[in-house]
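Chains as they are written, first to last, in the working numbering: chain A, 1 to 143; chain B, 1 to 151; chain C, 1 to 360.
No wet-lab data here; the hints were simulated from the structure.
Using 16 Å as the maximum straight-line C-alpha spacing, the simulated EDC-like pairs for lysine to aspartate or glutamate come out as follows:
#1 C:208 to B:51
#2 C:209 to B:54
#3 C:46 to B:64
#4 C:46 to B:141
#5 C:269 to C:163
#6 C:237 to C:274
#7 C:46 to A:106
#8 C:209 to C:223
#9 C:46 to B:65
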Amino acid sequence: MFRTAMDRVYRWAQKNSIWVLSFNTGGCNGCDIEILDLLTPRYDVERLGIMAEASPRHADVLLCTGPVTRQARSGLWQIYSQMPSPKWVVAVGSCSNTGGMFLDSETVLGGVDSVLPVDVYIPGCPCRPEAIIEGLVNLIERI
Amino acid sequence: MVVNTIDIDALFNALGGEIDRDCIQQDSIQNEVVIEIPAEKLLEVSSVLLDQFDLYHLSTITAEERAGDPDYLAVQYNFWKGSGLTLLTRLEKDSPVLRSLTGMIPGADFYEREVAEMFGVQFTHRAETPPLLLPDDWDGDPPMLQKEEPK
Amino acid sequence: MDKMNIPIGPQHPLLKEPLRLNIEISGERVLGGILRLGYVHRGIEKLAQTRNYNQNVSLTERVCGICSHVHTTTFCRAVEALLGLELPERVHYIRALMCEMERIHSHLLWLGILAKHIGLEMVFMHTWHDRESILDVMEELSGGRVAHAVNQIGGVRFDLDEDHGPMVDSTVKKLKVDYEELLDVIEHDTTLKARTQGIAPLSAEDMKKYCVVGPVARASGVDVDMRRDDPMPPYDKLDFQVITHPDGDAWSRTYVRLQEIRQSLHLCKQIIDDIPEGPISVRAPRKVPAGEVVMRSEAPRGELFYYLRSDGSEYPARLKIRTPTLPALGILPEQLSEIHIADIPVVLAGIDLCIACADR
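Here chain A stands alone, though its shape is the one from the complex:
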């Protein structure tokens, strides 16, 4: 794979500190509060250089929770296109992996991979914070 020198600089910088944006595409909140839990004293992902970021324009990684509902689809796409490249998408929880138990519903499109390319899938309903950390660390190693 051909990489420019600038690209290598970007990746080196991102690898040391990824900025994470979380977006609920239609989930039940279970995974969202576990993601929020990552910021609190017990799990504290900032020690790994992972920082929560609220604006898509500053984020490197998009953490998606929940199945993608028809109404949330355009919002999800907009957020993804606003993120600067190179960017990664992590599907957190069974619903965002595959659509989970809501796959049959008419208002649900399916997992996040029905809209965006996904780099890391984290299973679990809801995922434990440890699992999310492992997924993110996996991602960092791949950057």
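Place chains B and C on chain A using the hints.
Relative to chain A, chains B and C alone:
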């Protein structure tokens, strides 16, 4: 403190005095008072409940199709004051129209919008019912009217 | 001054869940807001008709990730009422214990979010740290931190063994100490009071008109609590107070929830002390006899309403869920008028929105 006081006899007296005898007590729901009323009497009966019996809390509006009653939609107004009281009306499925309660109970707004989009019921005497839960690009029929076979 | 529209959401730092809010402003003043839900609408009521009763227990657990246990409890109670099952006393106590722990965890979570919106990062970290200890107990009892899968139709899936009682006991004791310390800080904190007192107050009349339930209604002086007024066992045997506050502003909502944590800790202690011995489930048939039932429970956010109709088959003919957040959203337009832009987060947090619940 909410005192458990829905005096059924007094309620029927009040209803019988002001409205006619179209209101029939049913026992379809466990431990609840269910009164079947014609759709056009909904506003009158609700105002009696609200003004004379202080039944201000409308828990929700539940609409459903019933297999034994295929031409009608059953719409229930679930009130609560210490215990439940339900007003049941039946609407013709071809043209379901109901008088809105939002003038009297503003909290009914979301419930009516949900019934309107999920079952296609039209509410009069209120503002438009924009979609509440369905996506903007929804183009099909009201979703709860389409039956699906259990998988 | 010119009017301007600001769209907030579906993704916004203010919102943990997707929701679109179009706010009309004139200078620093907010004139009104229009709400658009539906980003989390998964059609659960419709899906419920295609699943059997046992599958529906796990489906209703996923209505909301914060108050998951009370949803399954209400659903199971509705099915059990149709089946006419007499449950062992111990089942009710275990369910109530989980309900109360869930209320503590939900209120602590909410307090953290409020503090974060106001800018008190320290309170956010402290409350979420305290919340971990209650999650630990729930995990130890049920095996799940967030989705507990406690209920099945006809009982509960796990029993308390002899070390669980002392464990709950010591956690409650420890939390009480931590909590009183935190309460002391919060109650005397001038910043928090300055940011919440007098913000968008609503009267008891407004609450009744909009059919609002739970802590939001109680903070305006509406004295209603399903645990006392329409009790499921064993709440009729337990001692607790219903907390109300007359003011109806953001501070009184904070006050009510803070005091409710204390009541819930007190309830946990009573449940652990009084829990009777006995079996934890009874056998339930797969098919449920035809009938209709309405169930109401007190979720952390207020009255939770379930309507269930069975036509005698293995699948529910109609399941209607009305969650406490939906009526609370009705007062939002009224709350979002004549306030400052900086107060929007406080108003939103004060209601304790749970969009996943409201959208289903």
